Structure formats: C-alpha cells, structure tokens
Amino acid sequence: MAVTEERLFGKAIKRREDPRFITGRGQYVDDVKLPGMTYAAFVRSPHAHARIKKVDAAAARKVAGVLAVYAGEDVQVGGLPCGWMLPGIKVPARPALAQGKVRYVGEPVAIVIGETPFAAKDGAEAVRVQYEALPGVADGKKAHAPGAPQLFDEIPKNQCFYWTIGDKASTDAAFASAATVVTQPLVNQRLIPNAIEPRACVASYAPGTGDLTLWVTSQNPHVHRLLMAAFVLAIPETKMRVISPDVGGGFGSKIFVYNEEVVVSWASRTLGRPVKWTAERRESFLNDAHGRDHVTEAAMAFDREGKITGLRVKTHANLGAYLSTFAPLIPSYLYGPLLSGVYKIPAIFCEVWGMLTNTAPVDAYRGAGRPEATYLLERTMDRAARQLRLDPVELRRRNFIPPFTDGTPYQTPVAFAYDSGDYAPALRRALELAGYEQARRDQAAARAKGRYIGIGVSTYIEACGPAPSAVAGSLGAGAGLWESGQVRVHPAGSVTVYTGSHSHGQGHETTFAQVVADQLGIPMEQVEVVHGDTAQIPFGMGTYGSRSACVGGSALVKCLDKIKEKGRKIAAHLLEAGEQDLDFKDGAWSVKGSPDRKKAWGEVALMAYLAHNIPQGMEPGLEATSFYDPVNFTFPFGAHVAVVEVDAETGAVKLVKYTAVDDVGRVINPMIVDGMVHGGIAQGVGQALWEHGVYGDDGQLLSATMMDYAMPKADGLPSYTTDRTVTPSPINPLGVKGAGETGTIASTPAVANAVIDALAPFGVTHLDLPLTPQKIWKAVAAAKR
Amino acid sequence: MYPAAFEYHAPTSVKDALKLLAKLKDDAKLLAGGHSLVPMMKLRLAQPGHLIDLRKVKGLSGIKEEKAALVIGAMTTHWAIESSKAAKAKLPVLAEVAGIIGDPAVRNKGTLGGSVAHADPAADWPAAMLALGAEMVCEGPKGKRTVKADDWFVGLMTTAAKGNEILTAIRVPVWPAGSGAAYMKFPHPASRFAVVGVCAAVTLDKQGVCTRAGVAVTGAGTRAVRARGVEAALTGKKLDAAAIEAAAQKAADGVDVQADLQGSVEYKAHLCRVFARRAISEAVKRAGG
Ligand SMILES: Cc1cc2nc3c(=O)[nH]c(=O)nc-3n(C[C@H](O)[C@H](O)[C@H](O)COP(=O)(O)OP(=O)(O)OC[C@H]3O[C@@H](n4cnc5c(N)ncnc54)[C@H](O)[C@@H]3O)c2cc1C
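In order, the protein sequences belong to chains A and B.
Taken in order, the first sequence gives residues 1 to 785; the numbers are from the working numbering.
Taken in order, the second sequence gives residues 786 to 1074; the numbers are from the working numbering.
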C-alpha cells in the first residue's frame, strides 16, 4: 500500500475530460480530417444465408465520384483472427469481405470508395449482387438440431466447441442425494451494445515511407495493431500506428478487430489515399458484435437446511456466424468460473455448447459472461426460495461464503480463488437502505387492494482485472493480460503518464492523475495522462473487464515506485544525507528531524535533467516504465434491491425504487464510480425490461433501429440509492477491485426477480427476459383463466 | 445517414409552392419539420428528387380562434400547440396530445400538418383529429377544399390529399360546455409512438347523460380509425363505470389490428379496450361527470 499521505485518492474530483466532451470539443475518429480524404461505404448482405453468385460493380463504378469498388477476393489480406482458443475448437475462416457465401444479414460483401460520403453511398446502392438464398438458422439451440442448416461444411452440427468446467461425478452425487432439486430453464437474450459513438476508422497509408496510420474507435489500440499487422495485413508492427482518440463508449463492442477497419486499411494502401468510414446506426446494429444470447437449463440441489449442495448448468451459447475476436472466452472462462457466485457450492458442473448461427457475431458486452452467470444464479436462487418457502434474503444468507478478508483466498470448485470478500454486510446495508421489511409490508397491503408490487434482490460477485498472463495463456488466450505504464517526469517537474489502458468514457485522465499526483505530492494540474496511441505508449492491453484501475493503475504505481526511488537518491545526494534518513511528504524530501533541510520535487526533477550534481554513475533523466502482471483477478461484489409495480391489466412494469450497495474495494474517485454504477444499472435494467436483439426465424434482424430496439431512457428509471462497503483487494497496491461492470451484472436479476415476485399472486414462477408488457399480460391472463 | 441527392426549394408563398409542386409532381416532396421525412431519406427509404421546404411560406403557422373552432396552421409545431394559451383554454386535449409526442427536440421541429399528412399508423395526432371531428384544409391548383378527418386517413401512410395539394390548416371544432376530452397512449418502449393510443371526447347534459361522443384509436392498425361502436354505446347513456366499461369493450371493433414485436393481435386489441376505458373515464371526469 502506498505510504504517501493521500490528498486526492477518494475525492470526488470532477472529471477533467468532461468540459471538452460537453462543449463539443472532443476529438473523435470522425473528426479526423486529412488532405485527400476518401470515404468508404459497404455493401452488406440482405440475406441471413446465401451463396454469392455474382457481384456486379459496373454501374457503381460509373457513379460520379466513385473511385473504386472491391469485393471478396479482391481484398488481399488474411482473415480476421480469433484471439482465444478452447480445446477442440473449430474456428471458421472469416474473410474480411464475404467470399462464396454470406452468413448473416449485414455481413460486408463489398466496399465502395468515393470522393465524398455521398458518392460512396450512391455507389454502394448501385452495386448489384446476385444471391442464391439458402435456409438459415438464428437460434443457438435449433442450430444444433439434426437437419439444421449448416453454416460451414467443415463444422458439423454448427458446433464450434463443447466446453465443461467443474466436476460431473460430485455434482451428480449431490443431485442424487438432494432433499430438493430446483430446475430453472432460462434464456439470456441477445443484446446490441449501442455505444453513443458509432464505430469509425480512418486509414492513411503514406506511400513515401510505407507507414500506415489507423485511427480507430478501439478499446485497445495495441491489440488492434498486433492483430492487424501480424495476422491480417502481414506488415511489421513498426509500419503501423494505431490511434484511438476520444472514444464515445465501447461496452466491449470496440475491443474487437472488425471487417471494416481491415478493408479500409487495405484500401488506403491500395489507393494511396486516406480512407474514412463511420458506421451508420443501422450498420452498428447489424455488424457490431452483439452480447449474451444463451439458452440454459440450470438445476440446483439443496439439502434439508436449504443449503446448496450442487449446481448443474447446460448452456447453448449463440456465437453468431463467425468467431469475433474473443468470442470463445465469454461463454466459457468468463462464465463457468462465476457460477459459484457469493455462495458456498460444493459441487458444480457446467457444460457449454458454442454454436454458430446465421446472426451477427457475439462477443464481450459489458459484464461479458458474468451477467449471464449472475442472472442464472440469482434467478435460480429466487425460484428456489419460492419452492423452499423461504424468504429469498434468508436463502441467500444461509448460503453465503463466510467472510475472508485476511488475504487468504476462497477457492471455488470452478477454478477461481476469490481475493477477498465479506458478503453479508453489503446485503444488510442494501436491505436497510431499501427499507426491505417495510417494503414487504407495503407489498402485502397493496396486494390486498389489487396492486402488484414486487421486490427483487440480487447478491452478486464479479471478476475484474484480467488476469495473470500465465493463467490466461494456459486457458487459451492469444495475448498476455498484464498492463503497461510509463511515467515521464519533465525537467520543471510536471509529469506525463502513459497508460496502455484506454479510456472511452471511464475517466482515466482524472482517476490516474489523482493517483499519480497523490503519490508524488504534486498538484493534479502537473499531471497529464496520455492513452490511445501506439506511437506514444509502450505496448499495452487496453480496457475491458474493469481492469484499468487494478491492472493499469498498478502499473503506474510500479513506475512511481521507481521514480521516487531515483528521486530519493538525488535528493539524498543534494542534501548530503542518507537515503533512509529522508521523508517524502507534500512533494518534497526532507531530512528526518530537520524538516527545513529539504529538496522539493521540482528541484529534484530539474537536477535529474541538468545532471550537474547527481550521484556518480547515475544516468540522467527521470522516467520509468513498468509492465504489471496481476497475480489474480479481483472480485468485487454487492447487493442490489429493486422494487417494481406491475400494471396487471396492461403488463407494464414501473421500476419504483432501486438500491445498490457495491464493494469495489478502495475507491479512487467516488463520483466516477457512482457514474459507472448508475450507467451500469441502467444497462442492466435495459436487459431486464426492454432490450432485445430479435432475429426472425429467417435470420432478419427485426430490431435494427432505435425505433425498434428499446434502449433504457431516463424516464423509465428512478433515482438510485447507492452506497458502498469497502473490502480492499489484497492483490494490488491500490487495493482497488474494479467498478466498470457491477451495475450491469447486478441489476438485471434484481429487476427480474422483482417482477416475478410481483406476479407471485398469479402463480408465475418465471418469465424470460426482457419482461415485456405482453409477456406479463399473457402470464397474468393465463393465470386468470 | 447520407440521403440520395436532391434539389432544395424554399418558396415563400403557398402559390409559389403549389407552382413548384405542379411542375415537379411526384419527384417532389414537401418538407415540414422533417422529423418523419428526413429520417426516411437518410435510410434512403425515401429518395425525392426535390424538396419543397414550407418553413419560409408565410401564413402556415399559428393558431387562430374562430367562434366554434381553432384553426391551426399546418406548420404549427407540436410545441407551439403544447404551450398555446388558446389550445389550453378551448381544447386542452390538443396540448395534452402535443405534450407526449417524442421529446422536446422533436416537438420543437415536428408539425401538426406534417404528422397529419404523413399519417404514420402509430402517430398520436390522428386519434385526436378523428375523435374531435377536425377538418383538413387543403390548397391545390383549383383552390381550397376541406376534408373531414373521417375521410382523410385512408390507409397505411396515405391520406385523401392529392399529390398537387398542400395541407394548409387544420380546423378543430371547439366542443360545447359540458364536454371533456382525453388522450392516453401505451408508448412503444423504443420509439415512444403509440402502440395503442385512444382519444375520447364526450359532451354530457345537465343530467350527466352523454349527448355526443367521439372516440378514435391509433397505433393498433394500419391507420387511425373512429371507434364508432364505442361512441354509439356511450351516446344517450349516463356514463358510470359499468357503462364506460361496456362501451370500451367495442374499442377494437373495426380496427385492423396488426401483430408485431410489441404484441399479438389479441394483446393489442386488449390494449385498445383498456385505453379506451381509461381515456373515456378521464374525459367524463373532465366533462364534470
Ligand atoms: C425521435 C422522434 C420521436 C417521435 N415521436 C413521436 C411520437 O411519439 N408521436 C408522434 O405522433 N410522432 C412522433 N414523431 C414524429 C413527429 O411528430 C413528426 O414531426 C411528424 O410525424 C411529422 O411532422 P413533420 O413536421 O416533421 O413532417 P415532415 O417529416 O417534414 O413531413 C412528413 C410527411 O408529410 C408531408 N407533409 C408535410 N407537411 C405537409 C403539408 N403541409 N401538406 C402536405 N404534405 C405535407 C411531407 O411531404 C412528408 O411526406 C417522432 C419523430 C422523431 C424523429
């Protein structure tokens, strides 16, 4: 733990990046303007599954302002890589532009480059593609059935992988001797991410040097560079610079390497001119990687005391038509290992079938695997409570893992060893803030009057800060999962911080400046945070999995340790004192016992660069680089309580009250963490009540516009009550756990449980998400009949 | 995002606008607030060769009070109606309908005339126009003509307006003392258009007997329609809860209810009945019943 006195850590400092964002001065990819810019538009498949008979670009080439049209094999690059392998996995080839066949609606078939975006679009409309339509399949479970349409000849039954975790024998034994078995089939529906800024890229190839610069909406510019340079374009990394400037949200969808940036990069090299592409919202719906889409059968075994003895899970995970960059990871290692939740479960066995279907590829979406696991557990716990005639809160309490906060991890039966946890206090606090007992009394009184109030609880765990690289490697990762940091002190004492993590809404420029300024005892204004440019920053892994603070922040702390060590040597030399005799406080080194004998930070920094009087043999300069590889994930947790009222006549749900108590370890900036929690809750409520990426049986995306796909809106959400408990993570120097995804993970089951609780008088035990008015009305109407 | 190429015209009088329309015919589209047309152009679902912008045409916006009617210029924005003193005093239901369309940005751009001319099956205004008995005033090469709301909404996004006509105003009759009206909708979770919307207006006599009723349903079918069965069931009755409930049962009769992601035919027909009951009950309350 940092020994420096903390002035900024824990303070709700306003985000320094916000003034530029809210006054329209952000610099996003689409703001990049280059001389000679050309514009790309894509021709996309209108079919879910079809053979491409012919691409006729003659008319398109004649459109005024059209420079070039390329289709399929014209684009001479490698296929899009998959960055995570599972045992026995079959990875389908994924060409940058469809070749031979199209396999989902929206798959890019051709690119048209024009002098203006209008010309490109006109050209794209003029491309005639002849298709021979084939039967398709959109549902992950139906794709597995005998006789289902086959996407790839070489992947029988469309089964990309079969993966298990846990112990089958002990789980079978637990079920054989169970006092009660609770079964819960459930669907975790497909979601479409919808970052406010659509994906975009500008590729600029300099024929004179052979250098390619790619501005791209990426959560991980170095990963983009690595995958594109090494696997797709086959050029040295030194010839490619990836810049990911201001990025307006990602939620996972901007981690991956997509067709568009690959084709646009190749086209720029081919044409010798810069090429820009910015997705239209409809393209985002069709081709951004989607999230979730599981069909699951879960069963939980209990003993006579209501203690869980076993959990069995069978999941069909719909991966879409091709494997997106990290697709195999999400329904496997980010899902199965979370299935113990905050509960002591002696035996777990989970099977997952990774299925290819005629739908857009599915990959990490905020929470990525953990929301699926948490929803499964929390929904099943509520159903179990109903079956066991126990209050859902009581059932949870009986099964909590006892507190472990002394650094000894808790080993689950599904690989994870939790870093630290104390689950009961978070639940107690959430119930207190939600007025749980009173809410139950209100519920009973309302029911007597024919009003249906429901109360839902979820107690969750989440795994953040991926991950020890060696572990990731052993599980199939194509990359390490450490993070880089670099701290460069300038002669007058100001500091530039380079982080390999990336901010696309998280507020790194503020949070990291707080940490660094604190540790050096200098004002925040003296600290500049730089991210998102492979030419400036050491190789880094980027931001996802709530890893920036715990992994990226720790890398910075390591840098600061080195800087302070060197600074101390210089100060000791200047003060003619022993290093161990110096105190470092408020940005100055002083001699213990005689505080006026001191050297300020700025003096030391200056001397490091003047080098007129530094210890003999010491190199001039003051900067440090670190690569921090965590020893474990971190495991935030908490308890959320939702209160809803259902209009039984129409099925409409009103979220009346929402309480969240999260434990994300130590908190650097509570305002930023609150913002994360608030946004996360909205997203999770969206999954519970509104959002659904719906494919028709023919594979057409029926919810492909904002008019059809229901995003959460402010008027559907109450003001939240939030609070925290603080259980520091013992595994990193900041004691932080990660706060980016907790809200999303916890809120979906809390709201779902509340709705099902409201419908208890009608005998409803489960409905699949999203809990739309129609579904609820049908269930109520059925009960009344 | 990028519409097909078009030419832009900005006439300043109805006469000039009509001339352009006569010349350009089907290749031209009138542009009002642009909040239905422009999105369709960006998706290239509409690709007019010419846009005739009505925003500079004089005399097309504002609310005029006549003796027994409000005459609302076609280019009057939803917001202007929502905030209009005349509307609030004489036909508060108009302000109510305007106030639940989209969001403030939409309401400050979108116009009554545009909505009525567009005839989106899920738009809010058509229900109010039908229930209140409004008339559409059109101008064409042969001069003015007036079309009753009942005859205006002829099908999915089609109206009785001829291609060479401009809708210039909407005349909404002011209902006599003892009347009340209400609009209630079940909003689409994404678009906030009406999955089902019902506008109800009633006039009650001194004894509380309904002497006139106007009820119309939007959202559920391919076009907004009068619920004549409901109106007949209300007229001549004292409107207690039972009478309202019984009348509301007929709300989906004559609606060509369409199933979609929001609901089956059965569910939407049910919503028609529920929202009819709610809107009528509120209208009766406002009428002092
Ligand atoms: C985000 C959003 C949310 C919305 N929510 C709702 C909602 O909740 N409820 C709702 O009812 N509507 C909603 N709308 C639609 C909105 O009310 C539109 O403004 C309205 O439907 C059309 O009016 P406009 O003035 O924008 O017309 P335009 O888009 O300019 O025109 C629409 C059509 O009418 C024709 N037209 C326009 N004026 C005339 C005229 N004077 N004579 C003849 N033809 C004419 C045009 O040629 C065009 O075909 C929403 C729109 C948006 C963008």
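Hints listed in this document are in silico derivations from the structure and should not be mistaken for laboratory results.
Since this is a predicted model, take the numbers as computed values, not measurements.
All C-beta atoms, glycine included, are put in the ideal place defined by N, C-alpha and C.
Each hint should be verified, as a subset may be incorrect.
What the hints assert, rightly or not - List time: in silico DSBU-like cross-link candidates among lysine-lysine, alpha-carbon distance up to 35 Å:
1. LYS654/A / LYS927/B
2. LYS54/A / LYS827/B
3. LYS875/B / LYS927/B
4. LYS33/A / LYS775/A
5. LYS62/A / LYS810/B
6. LYS1070/B / LYS713/A
7. LYS849/B / LYS33/A
8. LYS101/A / LYS307/A
9. LYS1023/B / LYS804/B
10. LYS713/A / LYS827/B
11. LYS808/B / LYS654/A
12. LYS800/B / LYS713/A
13. LYS841/B / LYS929/B
14. LYS713/A / LYS307/A
15. LYS800/B / LYS870/B
16. LYS894/B / LYS654/A
17. LYS33/A / LYS875/B
18. LYS804/B / LYS849/B
19. LYS947/B / LYS808/B
20. LYS827/B / LYS53/A
21. LYS784/A / LYS1070/B
Unchecked claim - Going by beta-carbon spacing under 8 Å, a handful of chain A positions derived as facing chain B:
22. GLU649
23. TRP690
24. VAL694
25. PRO761
Here is what the structure says about each hint:
The suggested pairing of LYS654/A with LYS927/B is violated, with an alpha-carbon distance near 53 Å, which exceeds 35 Å. For the proposed pair LYS54/A and LYS827/B, the alpha carbon gap of about 28 Å is at most 35 Å, so the pair holds. For a cut-off of 35 Å, the pair hint linking LYS875/B to LYS927/B stands: about 33 Å separates their Cα positions. Annotation: proposed proximity of LYS33/A to LYS775/A is violated, straight-line Cα distance about 49 Å (limit 35 Å).
With a C-alpha separation of about 28 Å, the suggested pairing of LYS62/A with LYS810/B holds against the 35 Å cut-off. With a CA separation close to 31 Å, the supplied pair LYS1070/B and LYS713/A stays within the 35 Å bound. Distance hint between LYS849/B and LYS33/A is unfulfilled; the C-alpha atoms sit about 50 Å from each other, more than 35 Å. Note on LYS101/A and LYS307/A: the hinted pairing is violated, with a Cα-Cα distance of about 52 Å set against a maximum of 35 Å.
Restraint check: the Cα-Cα separation between LYS1023/B and LYS804/B comes to about 53 Å, which exceeds 35 Å; the hinted pair is violated. Between LYS713/A and LYS827/B, the direct Cα distance comes to roughly 24 Å. Compliance with the 35 Å bound is thereby established for this hinted pair. For the proposed pair LYS808/B and LYS654/A, the alpha carbon gap of about 53 Å is over 35 Å, so the pair is violated. Proximity of LYS800/B to LYS713/A is assessed by CA-CA distance (about 44 Å); at most 35 Å being required, the pair is judged violated.
Our distance criterion of 35 Å between C-alpha atoms is met by LYS841/B and LYS929/B, whose separation comes to about 20 Å. With a C-alpha separation of about 39 Å, the suggested pairing of LYS713/A with LYS307/A is violated against the 35 Å cut-off. Pair hint LYS800/B plus LYS870/B holds up; C-alpha atoms about 30 Å apart against a cutoff of 35 Å. As the CA atoms of LYS894/B and LYS654/A are separated by approximately 30 Å, the hinted pair is consistent with the 35 Å bound.
Under the criterion of a C-alpha separation no larger than 35 Å, the hint pairing LYS33/A with LYS875/B is inconsistent with the structure, at around 54 Å. Taking the CA atoms of LYS804/B and LYS849/B, the gap is near 26 Å; set against the 35 Å cutoff, the hint holds. A C-alpha spacing of about 14 Å is found between LYS947/B and LYS808/B, which places the hinted pair at or below 35 Å, so the restraint holds. Proximity of LYS827/B to LYS53/A is assessed by CA-CA distance (about 29 Å); at most 35 Å being required, the pair is judged to hold.
A threshold of 35 Å between alpha carbons decides the hint, and for LYS784/A with LYS1070/B the separation of about 30 Å falls inside it, so the pair holds. Against a cut-off of 8 Å between C-beta atoms, the interface hint on GLU649/A holds, since the closest Cβ of chain B lies about 6 Å away. For TRP690/A, the interface hint holds, the least distance from its beta-carbon to any beta-carbon of chain B being 5 Å, beneath 8 Å. Taken as an interface hint, VAL694/A checks out: its beta carbon lies about 6 Å from the nearest beta carbon of chain B, inside 8 Å.
Because the smallest distance between the Cβ of PRO761/A and any Cβ of chain B comes to about 20 Å, over 8 Å, the interface hint for this residue is violated.
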